[in-house]
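Asker: Here are the chains, one letter per residue:
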Amino acid sequence: MRLRLTPRDTTIIDLLVQAGNALVTGADLLEAVIMSGPEDRADRLVKVRDAEHASDDIVHATMRKLNSTFVTPFDREDIYALASALDDVMDNMEAAADMVVLANPSRLPDGVETQLSVLREQAAITAAALPGLHTMKGLEEYWVEINRLENDADEVYRDMLAELFSGAYEPLELLKVREVIDALEDAADAFELVSHHVETIAVKES
Amino acid sequence: MRLRLTPRDTTIIDLLVQAGNALVTGADLLEAVIMSGPEDRADRLVKVRDAEHASDDIVHATMRKLNSTFVTPFDREDIYALASALDDVMDNMEAAADMVVLANPSRLPDGVETQLSVLREQAAITAAALPGLHTMKGLEEYWVEINRLENDADEVYRDMLAELFSGAYEPLELLKVREVIDALEDAADAFELVSHHVETIAVKES
Amino acid sequence: MRLRLTPRDTTIIDLLVQAGNALVTGADLLEAVIMSGPEDRADRLVKVRDAEHASDDIVHATMRKLNSTFVTPFDREDIYALASALDDVMDNMEAAADMVVLANPSRLPDGVETQLSVLREQAAITAAALPGLHTMKGLEEYWVEINRLENDADEVYRDMLAELFSGAYEPLELLKVREVIDALEDAADAFELVSHHVETIAVKES
Chain A
206 MRLRLTPRDT TIIDLLVQAG NALVTGADLL EAVIMSGPED RADRLVKVRD AEHASDDIVH
266 ATMRKLNSTF VTPFDREDIY ALASALDDVM DNMEAAADMV VLANPSRLPD GVETQLSVLR
326 EQAAITAAAL PGLHTMKGLE EYWVEINRLE NDADEVYRDM LAELFSGAYE PLELLKVREV
386 IDALEDAADA FELVSHHVET IAVKES
Chain B
206 MRLRLTPRDT TIIDLLVQAG NALVTGADLL EAVIMSGPED RADRLVKVRD AEHASDDIVH
266 ATMRKLNSTF VTPFDREDIY ALASALDDVM DNMEAAADMV VLANPSRLPD GVETQLSVLR
326 EQAAITAAAL PGLHTMKGLE EYWVEINRLE NDADEVYRDM LAELFSGAYE PLELLKVREV
386 IDALEDAADA FELVSHHVET IAVKES
Chain C
206 MRLRLTPRDT TIIDLLVQAG NALVTGADLL EAVIMSGPED RADRLVKVRD AEHASDDIVH
266 ATMRKLNSTF VTPFDREDIY ALASALDDVM DNMEAAADMV VLANPSRLPD GVETQLSVLR
326 EQAAITAAAL PGLHTMKGLE EYWVEINRLE NDADEVYRDM LAELFSGAYE PLELLKVREV
386 IDALEDAADA FELVSHHVET IAVKES
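Chains as they are written, first to last, in the numbering used here: chain A, 206 to 411; chain B, 206 to 411; chain C, 206 to 411.
The set of hints was computed from the structure by calculation and includes no laboratory data.
There's no promise every hint is true.
[Stated by the list, open to error] The following label-pair restraints were derived from C-beta to C-beta distances:
no. : chain 1 : residue 1 : chain 2 : residue 2 : range
1   : C       : Asp261    : B       : Met240    : 42 to 52 Å
2   : C       : Ala329    : A       : Ala333    : 39 to 49 Å
3   : A       : Thr274    : B       : Gly242    : 51 to 61 Å
[To be verified] When the alpha-carbon atoms are kept at most 20 Å apart in a straight line, the in silico PhoX-like pairs for lysine-lysine are as follows:
no. : chain 1 : residue 1 : chain 2 : residue 2
4   : C       : Lys409    : A       : Lys409
5   : B       : Lys409    : B       : Lys342
6   : C       : Lys409    : C       : Lys342
7   : C       : Lys270    : A       : Lys409
8   : B       : Lys409    : C       : Lys409
9   : A       : Lys409    : A       : Lys342
10  : C       : Lys409    : B       : Lys270
11  : A       : Lys409    : B       : Lys409
12  : A       : Lys270    : B       : Lys270
Glycine included, each C-beta is placed from N, C-alpha and C at the ideal position.
In isolation and in its complexed conformation, chain A is listed as follows (with noise of 0.2 Å):
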């Protein structure tokens, strides 16, 4: 355990919360603009965008703050890693919406859902967490269990892929499904790489 020798500033850690409530309504979006019909995507599609749009205002504000700031709460180049790796799932998620409206799959296989029923969840668990950066309190649970649904991604996504080559689909719209499989199994993976770089903040802290 470090002593602290002032009082740390704590609105750095508030604007990575605000990043991380951000996620439970990209996570929402998403998840709209992909269960919908393609009449309706590009109209929630823009809400994603907003939802994107605003995510990097508060990355922006987050390192604008930690320049500005002489004593950071944490290592600073760890707070910027943490804050990137979460706008990174927000990326993630604007692109895996943009690319069922680009790559506009006929139908979608049904672990779909799964996979966004996990980035939801990875994003309540997410914003629930956060605020555990000012205590360093509840924040192992947090990442064992982002992993474990990493792990229920992981195993849908392969799923789908055994689906895709068992030669059911026809190459172009194999090809269509996939990407939109994958930019879904991606944000999963950069929900658990912002959980990475909350266990490195909490190595050093510990």
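Given the coordinates of chain A, work out where chains B and C should sit on it, guided by the hints.
Answerer: This is chains B and C only, laid out in the frame that chain A set:
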């Protein structure tokens, strides 16, 4: 602002500047490979490989200098990361040149020209910005501009993906074109990663 | 050269060595999965999974030791990164074994045998090099050699890509083979990333 008790050896910054300049050459040579017909590509690819080897030599010289220098201008690991990121851009440009020869698509979408001009512009402003590591001046404009260019690259990349998935391409041809545009997109992303490492150094120095 | 004021606890290095040894087993088991016929693959895949779980256990033991040790042999975050990178190699090898079962290509190009022998060699020299973390001896030869092997892997991978794009494969079969050779290429890259983390440690210690 850190106090400097010893003068900084700036040879390492000069080497990073050289690595940046090599990317200007690399982007020009990459464009020459891609925009030429299949019959000239193999010859021009040799020049990209030479540029990549020259870049490797600069990175290795940077690492050797880093190993033999007691007081480095910035944190040792940040210099290492930046030198590696500069080398990654060159690797990505070589991979793109390579891929157009390997996959040999019948024709490339017009957006590829935009991708190439973004890469040349990213190379130019990266090369122009790196000497700013001596004074830490003008770097924020650089990374904002790199990010803007990367967004341009993303947009044209997305348009080409939509075109590929529209049904206008046979699956095999789609896959071939995809390889080339993905490799070019990766190179644009790699420039952004360079700018992130410059930003990390600037954040620590501020 | 840093002055050491306290004796270093070398248990952590021993755990990293164990993680390296596990990769030798992993590479052998991966080869057994891929080179066997489809009928035996599922059974052999179980052994790769077991090896991956054993690797996870070693990494977790390393992390626990890291959390409970005051004076670590190297910077805490570099040990963390190295342990994670060793685990990533195993994850990539498991993913390759998994993918040959999921995608189930009709036949694999001959280059796959070269990919597998590169992986086995990379595993062998990684396992042989990691005990050098005790003395910091012989590490440069190791990372130079890993890089050379990775270049061999790249070359055979590129030749296979050219073959895949030559028109000799149906699109679905191309995609199946692609999955397997990409996963093997990723594993070779992951070995190189391990060597970079070893190099980072060596740079700081020098």
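Asker: Give a verdict on every hint.
Answerer: Do the hints match the structure? See the list:
no.: 1; hint: Asp261(C) with Met240(B): 42 to 52 Å; result: 48 Å, holds
no.: 2; hint: Ala329(C) with Ala333(A): 39 to 49 Å; result: 45 Å, holds
no.: 3; hint: Thr274(A) with Gly242(B): 51 to 61 Å; result: 56 Å, holds
no.: 4; hint: Lys409(C) with Lys409(A); result: 19 Å, holds
no.: 5; hint: Lys409(B) with Lys342(B); result: 14 Å, holds
no.: 6; hint: Lys409(C) with Lys342(C); result: 14 Å, holds
no.: 7; hint: Lys270(C) with Lys409(A); result: 13 Å, holds
no.: 8; hint: Lys409(B) with Lys409(C); result: 19 Å, holds
no.: 9; hint: Lys409(A) with Lys342(A); result: 14 Å, holds
no.: 10; hint: Lys409(C) with Lys270(B); result: 13 Å, holds
no.: 11; hint: Lys409(A) with Lys409(B); result: 19 Å, holds
no.: 12; hint: Lys270(A) with Lys270(B); result: 34 Å, violated
In this structure, only the earlier hint numbered 12 is contradicted, and the remaining ones agree with it.
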